[in-house]
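Line by line, the protein sequences give chains V and S. Numbering follows our numbering, with no gaps: position 99 of the first sequence is 99. Numbering follows our numbering, with no gaps: position 77 of the second sequence is 353.
Do not take every clue at face value.
As the list claims (entries may be wrong) - Partner residues are not named here, just some residues of chain S that face chain V (Cβ under 8 Å, in silico): (1) 297; (2) 305; (3) 327; (4) 342; (5) 345; (6) 346; (7) 347; (8) 348; (9) 349; (10) 351; (11) 363; (12) 366; (13) 368; (14) 409; (15) 410.
What the hints assert, rightly or not - Label-pair distances were calculated between CB atoms; the ranges are: (16) 428/S with 63/V: 33 to 41 Å; (17) 439/S with 199/V: 56 to 64 Å; (18) 441/S with 18/V: 29 to 37 Å; (19) 6/V with 325/S: 13 to 21 Å; (20) 14/V with 375/S: 21 to 29 Å; (21) 375/S with 49/V: 25 to 33 Å; (22) 14/V with 368/S: 38 to 46 Å; (23) 285/S with 53/V: 18 to 26 Å; (24) 170/V with 285/S: 46 to 54 Å.
In short, the hints are calculated from the structure, not lab data. This structure is a prediction, so every number in the text was calculated from the model and none was measured. Ideal Cβ positions, reconstructed from N, Cα and C, are used throughout, including at glycine.
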Amino acid sequence: MRNFFRFIIRYHFLLLFLLLEVISFSLIFNFNHYHRSVYLSSCNKISGYLYEHYSSIIQYFQLKKINEELALENSELRNRLEKITHSLPVITRFTIDTIGNQHYRYIPARVINNSVNKHFNYLTLNKGTADGIKPDMGVISPRGLVGVVLNASNHYATVISLLNARLHISARIRESGFFGSLNWEGVNYRYAKLSGIPAHAAPSVGDAVVTSGYSAIFPEDILIGTIDQISIDPGESFYDIKVLLSVDFKQLQYVHVVEKVGVEEQRELENLIEND
Amino acid sequence: MINWLPRYLFNFVAFVLIQVLLLNNLQLSSFMNPYLYILFIITLPFSTPRWLLMIFGFITGLVIDIFMNTLGIHASATVFISFLRPFILSSFSPRDGYQTGTLPVPADYGFGWFFKYSLIMVTTHHLFLFYVEAFNREDFFSILWKSIVSTIASMIFIIIAMLFAKNKSGVN
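Excised from the complex, chain S in its bound form:
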């Protein structure tokens, strides 16, 4: 567990910087807000304890909130997906379970598996996030549309990011 700490610390800083400096400035339309930073939670090792997962989720969301002046909104959404992550992972697990020492990345479990898993995570996160953010101010369908468009955008960025990732995860 100590082994992967520096690597994930680096990931954390990198994802936050990319999100805050690049993606938040990418003003394509008011319906498209890609959020890449949740890739940090998506790719945490299988062996991460559930409580630590949620603490990480909370911290990640809070840091993004501080940069975006939306205190609590991102934190609540990331805590929510960190809570769901073990259930989502167990419902997608291969027949003989996840191997110890592997990571939830395409290099270890294939691209199709990763795509399905991250799509569920991203969709859940975006739906939760946009409904909490709007909170009754916009109508139901425009938020739904916003979530769908943003999910597609986020997935594109996540796939691009994974292409840049190290091919072998290994145990370092």
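Chain V on its own, in the form it takes in the complex:
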């Protein structure tokens, strides 16, 4: 026993080093588990507060641009509303079906922290569970898809950005309807890779890539980007497609968090399959 203590005292330096490295690496590898903890991420009180105040100062310099974008979105929504009211049949139905009314609910939020140059990029929003934000909700901006909520505290939420090598999005080519998986490769913040489009799909440059609507996170037809480059290796049965993202993540200021109404029902049903 005494030898054991002598050993520990003699090598305490090395042992402490190994211990701390083991702790660090277990934090890295248990990423998903610990990352759900509110205290060890940027949505905790202190870092959220700091980021919020800092970004509200920085934001003044971009007010003009934000206003322009808002005006643009407003007029587009007005146009869409005009179209709908004209095409609507005159007779209204008299059904008492709450699900038929609204499929998605949108919550506005401001981006208070953002990065584009890391391998795993995250955003922090200034809204949290107090405003109805929950993990696994989608985040979109007027220009297109932004990411998925990872974690929410009372007043802040962290979002896995589309520019995060860990995020895979189910995407569809709008023109042809073929769908595949979209993933960022960690190099250029303007481009992502779409894989899983079969060789007979014949996509063309400039086609829009949108969300497929198969997941319970995003509505259908949210713009992700446009096809920029198409290549296929001889003998391969799937295309390698480079997608120019429609959202400029460096300029991101205001976003909408999307909640699918009745998502529990869909998840419950889908879990039944997974359990089999």
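Once you have looked at the hints, place chain S on chain V.
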């Protein structure tokens, strides 16, 4: 040892704030991520016990991780350089060793000495950090390139920071 505590506490907060609010927003290219905060570990006094050095390293890395949502990645890299620091310092020591009461800063041991010492520390930290971060997802050479570019950027910021530092370290 109590004397330098408030000063280093201030340094710690300042470095973390500069890193989190300024340098992390400096999006020059996806290959250039300067990390100034390790200057905190680089400039800790010679007399810091080795175990305390590593504890400080771990805490610094963890705080940066919490802000950047990269739990464990920065902590592992800072613990690694805190572990190596005594060995690096002893291999760079002047003939008659380090004087008591001095700090590892350019004011005490000259600019050339500090540059060599911090370059080794920063390079080690960045290589470790970027390889752990990427973990087989990118190819070897692009990470190497990223580490080199970021090391140059970090060194520039470290040198600028040291120009702002107090000229005399002294024992307070």
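Going down the list of hints, with the structure as the test:
A distance limit of 8 Å between C-beta atoms decides the matter here; for residue 297/S the minimum to chain V is near 5 Å, and the interface restraint holds. Taken as an interface hint, residue 305/S checks out: its beta carbon lies about 7 Å from the nearest beta carbon of chain V, inside 8 Å. Contact between residue 327/S and chain V, as hinted, is supported at the beta carbon level, the nearest pair being about 5 Å apart and thus within 8 Å. At its closest, the beta carbon of residue 342/S sits 6 Å from a beta carbon of chain V; the interface hint therefore holds under the 8 Å criterion.
With a least beta-carbon distance of about 4 Å to chain V, the hint placing residue 345/S at the interface is held under the 8 Å criterion. At about 6 Å, the closest approach between the beta carbon of residue 346/S and any beta carbon in chain V falls short of 8 Å, and the interface hint on this residue holds. The closest approach between the C-beta of residue 347/S and any C-beta of chain V is roughly 5 Å, which is under the 8 Å cut-off, so the hint is satisfied. The interface hint given for residue 348/S is met, as the beta carbon of that residue sits about 3 Å from the closest beta carbon of chain V, less than 8 Å.
Hint status for residue 349/S: holds, given a least beta-carbon distance of 6 Å to chain V, under 8 Å. For the restraint placing residue 351/S at the interface with chain V, the shortest Cβ-Cβ distance is roughly 4 Å, inside the 8 Å limit, so the hint holds. Using the Cβ-Cβ criterion of 8 Å, the hint placing residue 363/S at the interface with chain V is not satisfied: the shortest such distance is roughly 11 Å. A cut of 8 Å between beta carbons decides the hint on residue 366/S: the least distance to chain V is about 13 Å, and the hint is violated.
Restraint check, residue 368/S versus chain V: the minimum CB separation of about 19 Å is more than 8 Å; hint violated. Nearest Cβ of chain V to the Cβ of residue 409/S: about 5 Å, under the 8 Å cut. The hint holds. Here the hint on residue 410/S is kept, as its CB sits about 6 Å from the closest CB of chain V, short of 8 Å. A hinted range of 33 to 41 Å for the beta carbons of residue 428/S and residue 63/V is consistent with their spacing of about 35 Å.
For the hinted restraint 56 to 64 Å between residue 439/S and residue 199/V, the CB-CB distance of approximately 59 Å keeps it satisfied. Separation of residue 441/S from residue 18/V is about 33 Å and conforms to the stated range, judged on CB atoms against 29 to 37 Å. A C-beta distance of roughly 19 Å is found between residue 6/V and residue 325/S, which places it inside the suggested range of 13 to 21 Å. Against the hinted window of 21 to 29 Å, the Cβ-Cβ separation of residue 14/V and residue 375/S comes to about 28 Å, which satisfies the hint.
The beta-carbon spacing between residue 375/S and residue 49/V, approximately 43 Å, falls outside the hinted interval of 25 to 33 Å. For residue 14/V paired with residue 368/S, a C-beta distance near 21 Å fails the hint of 38 to 46 Å. For residue 285/S and residue 53/V, the Cβ-Cβ distance of about 22 Å falls inside the hinted range of 18 to 26 Å, so the restraint holds. Between residue 170/V and residue 285/S the beta carbons are some 48 Å apart, a value that agrees with the proposed interval 46 to 54 Å.
The earlier numbered hints that this structure contradicts are 11, 12, 13, 21, 22.
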